Structures are given as C-alpha cells and as structure tokens.
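Q: As you go down the protein sequences, you meet chains A and B in turn. This note's numbering puts the first sequence at residues 13 to 523. This note's numbering puts the second sequence at residues 20 to 106.
No wet-lab data here; the hints were simulated from the structure.
Which chain B residues face chain A? A few, computed with CB under 8 angstroms, are given here: (1) L64; (2) R72; (3) V95; (4) R96; (5) L103; (6) R105; (7) L106.
Since we're looking at a predicted model, the values are computed, not measured. Heads up, the beta-carbon is just placed ideally off N, CA and C, and yes, glycines get one too.
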Amino acid sequence: MRGRGPAVDTAGLHLPRRALKSPLDVFVDGRRVFSYVPGTAVAKDNPRLLPWPEAIRKFVHGTARVTVRTRAGRAVIDDEFVLDKAPTRMRVEDRLGHLQVVDKHGRLQRTFEESGSPDTTAFLDQVEATLAMLEGSGVHAFLTAGALLGAVRDGHLIGHDSDVDVAYLSRARTPAGVALESYRLERRFRQERQSTRRFSAAEFKLLLPGPSGATTGIDVRAAWIFGDMLYVAPNVGVAGAAHTVLPLGEISLEGRVLPAPADAEALLTAMYGPRWRIPDPSFTLDPPAALTRRLDGWIRGSTSGRSGWQRWHLARRRRRVATASSFAQWVAARVDDNMPIVDVGCGAGDDALWFAETARPVLGLDYASHAVTQARGRAATAGLSTVSFEECSFGDLRHVLAWGGHLARADTGCALYARQLFELLDHETRDNVLLLASMALRRGGRLYVELGEVSEPNAPPVVAKNARRLAPDAFAEHVTRRGGLVEHRDSATDDSPGGTQRTRMVVRWQR
Amino acid sequence: MATMTDMESSPSDDKAGGRAYGWARALWVLPRLERRIEDLETAILELRRLERRMAELTDVMAEVLLPADTRDEREVRRLLEAYLERL
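Start from the sequences, fold in the hints, and give me the full structure.
A: Next up, the structure:
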C-alpha cells in the first residue's frame, strides 16, 4: 500500500474525492470486477474510500494489478498492490474457477465476457428454444432489455451482462390475466423439466446449467398493453409505445436471427432514454414512483425480502448440524414422538434437522432456494432420511392452498412449527400462513409459534432493520379471526445477551 | 374625523383578514389532505393487490379443483402433487 495519493488495500480503494463524482470501472489483473456509480457505496466515515463490495471481500488477498478507469477511459489508478501476505494473485471466481463480476445488484455473476464459446453456444441454443416454446404456447416472444440492446448496438451479447431477457406480448386485458398467463407459461417449462424461479406475477427465470457447470438464466418477462400504455415487467411502463412491438421483426444476435420488436430503437429509447447506445455496466432503471406503485400492486409482493435472505444464506453456508433452539426442544417435549412436524420458514434447517434426529418425519418449508438447498445437503451429510425440504412462497396463495390441501390430506395429522417467522411477514403473508395452518390442522394437530425480536446475526441487516415488533395480543386476535383457538400462551425473557422478550403460543383449529 | 366601529373595516383590513383566513384554512386543511391521500394510496394498493390474489386463486381452481373428481381422493392427491411439482 502506498502512503499518499490513490491507494488500494484490503479495505478498498482510496481515491481523490473528485474521482468519486463520476462512474468508475474497477479491474483486477485486467478483468472488470465491479463498477461504481456516484452517490453509492462510499464509506460513511471516509468519503475518499470506496470499499470493496461485500460479495468480493473474501477474495481480497495476495497481490493484484488494480486499475480504476473513468467511462472516458482515463486511469485513476493503475498499479500493482500488495493486499496482504497471501502468496497468490487476487482472483474473483466461483467454485469452478470461473471469473466473476459483481453485478449492479451486488451479486456475483459470471458474465458473457468471461464465458467460453461452448457455454455461449449452448446458451444461445437455449434462448432460441425458449423463444420457440413461447411462440408454440400462443404468445409473440422477442428479445428485450440487455439482449436487445446488445443486438441493436453491435449484434453481440453485452459483455458485462450475465443473462438474457426475453419478453412476450400478453393477450390479457387485466393484470390478473397477465399473471394467470405467466403461471401457465412457467408450467409449460417445468413440464419440460426446466428449473425456474419466479420473481413476480409477470416474470420468471429459467435456470440453465452450461457445459462447464456454470448456471446462466433467461428472464421471461410479460409485456402487456392497457390503453396506450405498454408495460414490460418488472419496471417499464411507457405511454405511446404500444406500436413499437408488433408486428415482430428480426435481429441478429451472435450470428443467430431472433425475433425483435417492430421498432427496436424506439422501444429502447422509450425504455431507457436517449443514452441507451452508450454501454454502462452500472446502469439501473429509475422508474417514476407512480409506475413503481402501480406495478408493486399488480405483480409484486409474493416474494418480499427473498433476495436479501438468498444472499444471507449464501454467505453463511454451514456444514454441521447446529444445536436446536430452546423452542424446538420445548415443542418436542409436547409432541408425540411419531407425529410429523412441518417447520414453516425453516431456513437452512437447524431445528428441522434436530427434530429428524429421532427419525420423526419432518418437512421444512422456506421460500429461499439457497436455504432449502443447504438444508437438503446437511440432511444428506448427516444421514437423516426422514426429513425433506421444499420451497414454498408464503406470499403466493397458490403455494399456500396447494400445501394446505396436501397436508390436510396426509394420512396422519401434523404439528406446525413457526419460530421467528410471523414477525418478519407483512399482514397479508401472515394471514396466508394462518390459512395454511387452518387447512393443515383441520383434522387435529397444533400450531406452535414463538414470537420475539429478530435481529442480526439471525437475519439479514435490512430484514432486522425493517422488522417491527409483532404484539402478541395483535397476533392472537389475528389467529382468532382465522378460526384458531389459542390454547396456551406464555411470555418470558430469553437467555440471549440483553435478554429479549419472547412469547410462545399453541393454537388449534376446530373442524 | 371618521371613526372605525366594530362593524366597519377598511379594504386593506379586508385583504389582510382574507389572507390570514386563507393561511389558517391551509394549515387546517393540508394535513388532512395529506392523510386522505395516504389513505387513498393505501386503498389503491390493496385493490391492485387483489388482481394478483385473484390470479393465484383462479390458478388453483382451474388446475386442481375443477379437474378433480372430489369423490376420488387419490385423484385429488395426484393433482395436488402434480401442481406442487410445477409451482
């Protein structure tokens, strides 16, 4: 590390304040690792320090040639730095050794500029197949967003992009119709054994493994026209752009001829403004507040907070079965040994795995796929065969009703277990979980709930910050409105440092 | 010399009085308008959310409940499992 002027160390990049007033791209050994946008990410107590993004801090070791350039190409820093005593070069890579970049959402991604030809070829085959399947399902599908930008600019995928976006023009005339159509289309892909992940009622992602083992994605986004407004999930709504989509034309992307909107440039201008021709890895859309409110209401809300939990679980992969909570032990003492337990909001499975150690049937449900994957891995490592983990979005009535119906028809009753769950949910999702409980426990069994304060390190910082204390009386009232009967309730101060108040309830539903 | 009585006032006094009244009314009305706007925005959000919930309910009805012969428990279970598989 150098004493004066621009410098780089394990904390981050020390830059002149003037430099931090412009967008910057940061390269390590010639590879871009992240980009900076003014007004973000500078350390609060040191306005000259641009910290390393959280996603790559664990890679900041050894030595590296660090280059920081403005968009005009001027180098603010370009020098060798010794970050610490590790004998290696700093390298931001995944488990398979593929170089990665921090995307504009703070996530590590493998971008197209790092992908090899076999991966890109296979991926483009998938893009063509996806567009064909959408057309075969009765909707007009076309390239959109980054894929369209790259195709129009120079016929290539944008190097700093990590996935491809395709859209289809919905035939629906209401937001409910748009959502129903999206659900139907996703089912088509899942029937073909494709992995998907849903982001809103109008958008889902196809998860595609490449030949080298890296996973890429194709975002499938609904576009719809209401009046003279063209909407494209997740955050585009422009007046007077309805004519830019049909009749579809064609455009070349990496040598493939793919469907494109009728007036691609007009659509890109309407979506991104007149500067869309200038590549900007850190560009993010800034939609009007009224549009965000409208789309929040129509298509969002079923997966609130999930991305934060995904990152949190990914950063905390654990290998051993952790000790069960005191609540799990309290519940186990009250439930018959062979009664199945359903852990609602199971996370990475700490309590569910402990319940399964006595060979009791256990089901863990959570909406974070990373948590479910880790829990499954931990169960396999521990040789626990009576526990299973499944994804369930409690904010989505489809999941709630299907799981509620499934559990109601099980051969035996069950116990539902919810620790540090209800206090993290909004009112609608809380109501959904109580609906699930009322269905699952109709033939007997109990819901066991522990309420308390949720704080770091037991939750992502933004979740802990936004979690409001759920008053036990208010929760009990809600249970009663949902037809439940609170059989037991007690409060105590737990044994955490500082001692927080916790409340336990046991609820049953009558037939 | 003319005197002013309680019932008389000059034009400038009328204007000043009118402005004062306007300010007072604004101070009283504006917070209420702001609260009304917040209530309306909350109501609009709730109505918009009903679109998604209606789609979710309709999907379950169409994919599970309507095709099911509800007398055949095995068929209902099969449909539920297939639906969960494709969520």
